[in-house]
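Chains V and D, in that order, give the protein sequences.
Heads up: the first sequence begins at 1 in the working numbering, then just goes up one per residue.
Heads up: the second sequence begins at 1 in the working numbering, then just goes up one per residue.
Check the hints yourself; a few may be wrong.
Each pair may be met inside one copy or between any two copies, as identical chains are not told apart.
Result set (DSSO-like, lysine-lysine): computed pairs, CA atoms no more than 27 Å apart in a straight line [unchecked claim]: (1) K263 / K250; (2) K101 / K211; (3) K211 / K125; (4) K211 / K271; (5) K263 / K101; (6) K178 / K25; (7) K237 / K82; (8) K27 / K82; (9) K178 / K256; (10) K101 / K27; (11) K148 / K27; (12) K24 / K148.
In case anyone wonders, no lab produced these hints; they're calculated from the structure.
Number of protein chains: 2
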Amino acid sequence: MALFNKVAIIGVGLIGGSIGLGIKKRKLANQVIGISRHRKTINLAIAQGAIDRGFLNIAAISDPDLIILAMPVNSIIQIGAKISSQVHPDTLVMDTGSTKKLVVRTLENLLPNFVGAHPLAGSEKQGVINAQADLFCGSLCVLTPTRKTSGVALSRIKRLWVELGARVVCLNPTRHDKLISYVSHLPHILAFSLIQSVPRNSLYLASSSLKDTTRIAASDETLWKDILLTNSGNVLKALNRFLISLSRIKSAIIQKDARGLEKILRQASLKRQALRT
Amino acid sequence: MALFNKVAIIGVGLIGGSIGLGIKKRKLANQVIGISRHRKTINLAIAQGAIDRGFLNIAAISDPDLIILAMPVNSIIQIGAKISSQVHPDTLVMDTGSTKKLVVRTLENLLPNFVGAHPLAGSEKQGVINAQADLFCGSLCVLTPTRKTSGVALSRIKRLWVELGARVVCLNPTRHDKLISYVSHLPHILAFSLIQSVPRNSLYLASSSLKDTTRIAASDETLWKDILLTNSGNVLKALNRFLISLSRIKSAIIQKDARGLEKILRQASLKRQALRT
């Protein structure tokens, strides 16, 4: 059933493309428009069935009832501000950025029907070429309403994500940014640092240990530069907490404290085993 | 074709059990004997078809032509030394430990036909219950011969691993321990530290980023305590190299250096993309 007449997706990459495919597969909108800076991306997105039509310029969007900002965080803020003068007050606007405080604080003052969303279904894979209609099935999507968020807008956006297969959780933007810094931003920083520190002449010995721990280091640098800088306070706190854990293991190794080291590793192992898959 | 008459596997866990299953599936030995401290493990290993018979005591092994030490490193050294007086000089002895310098240096002086091996096919999954006949197919197995290693022993052990499906690489024990500290030991330390530093109240938001980066933190603590302490010099050097990489990212975040941060992340991303899967 169509929830929307016309949806405009600005940024047709992995996330935007997957939302387009998911909407079209489930017939959640009568029309899906894509906006990209690259003609090649638009052609690919049309060929894959992620959008019906595409444009290079945001001015070409006419009367959508939902605009989805699916770009790196800084671009979300910039483009969100840019379109605010031309967007009809009734139009829903949703972003999919990985940090929420700065995005929501900026855009909810400019766009009366703005809802912040963060689908936890990204991947190190980039681009519409890797988009999937079922990318969000079984995943979590965090919505970040505030006191300014319209209840109607929130419930329509919630419905969209549920139809796309996601479980929806609501958190305020500040809390989202804090919790996500541990489960997503910190692991990315460590993966980026780890792959950089491994000497090239040892990479031929890499097995699943290194591959699994660094898979997300193949992620897009612009996306992640924006994420880390727009959530720097939380990220640095999370990093310091990690460094304390690391220094406990390091000390035990330096002191050859077998019993102490085994205890730390056992606690960690049990904590990880409790986390599914 | 049987390469061996009687193989005795001491330690029937994930690795020992998988070797047993692999040998029996391919009929590489006429008989596979298992030794474990636990009757339950022996019964399970027999039920799974990983061994033909099992014993609680190493004294029960009579006239094997290959003994495989598949335990945590410290137990390999301890049990290897213990059996050295009763092992016939012609008997091949191989270990499967993840650090090689201390193991090889100790055991090659006690066992004339000793060959060090490190199959890079472990997993955070533990025990014979998770053993697989094809665990080593397509994986790498590092053999660590020295000037003292018998050429005949080495070529028979090499043949065994090739039959089990592994690609064999030879490295001296010192070089093995250095290179492996980066691609295996360092990732484990970071995974253990990371899962410990994540607040429990954020774990419900964990997606593939955290799960992939910490999967190996579910590993066995005794195994890993031994690995880290028997390779502490290399491990601490690798850790320091990682901390330098990490501090570059941390500084860029603190200084809000968008251009510098993006450059570091791009280098890391390209390096990881060049590593398959």
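Evaluated hints:
1. Taking the closest pair of Cα atoms, K263 and K250 come within 27 Å of each other only inside a single copy of the chain (13 Å); across copies the shortest separation is 29 Å, beyond that limit.
2. For the identical chains of this complex, K101 and K211 are inter-copy neighbours only, at 25 Å across copies versus 32 Å inside a copy, given an alpha-carbon limit of 27 Å.
3. Taking CA atoms no more than 27 Å apart as the test, K211 paired with K125 passes in both settings, with 14 Å inside one copy and 16 Å between copies.
4. Taking CA atoms no more than 27 Å apart as the test, K211 paired with K271 passes in both settings, with 21 Å inside one copy and 12 Å between copies.
5. Taking the closest pair of Cα atoms, K263 and K101 come within 27 Å of each other only across two copies (25 Å); inside a single copy the shortest separation is 38 Å, beyond that limit.
6. Taking CA atoms no more than 27 Å apart as the test, K178 paired with K25 passes in neither setting, with 34 Å inside one copy and 51 Å between copies.
7. For the identical chains of this complex, K237 and K82 are neighbours neither inside a copy (33 Å) nor across copies (50 Å), given an alpha-carbon limit of 27 Å.
8. For a Cα distance limit of 27 Å, the shortest separation of K27 from K82 qualifies neither inside one copy, at 29 Å, nor across copies, at 70 Å.
9. In this assembly of identical chains, the alpha carbons of K178 and K256 lie at most 27 Å apart only when taken from different copies (18 Å versus 35 Å within one copy).
10. In this assembly of identical chains, the alpha carbons of K101 and K27 never lie at most 27 Å apart, being 32 Å within a copy and 62 Å across copies at closest.
11. For the identical chains of this complex, K148 and K27 are neighbours neither inside a copy (30 Å) nor across copies (71 Å), given an alpha-carbon limit of 27 Å.
12. Neither within a single protomer nor between protomers do K24 and K148 lie at most 27 Å apart by alpha-carbon distance, with minima of 30 Å and 67 Å respectively.
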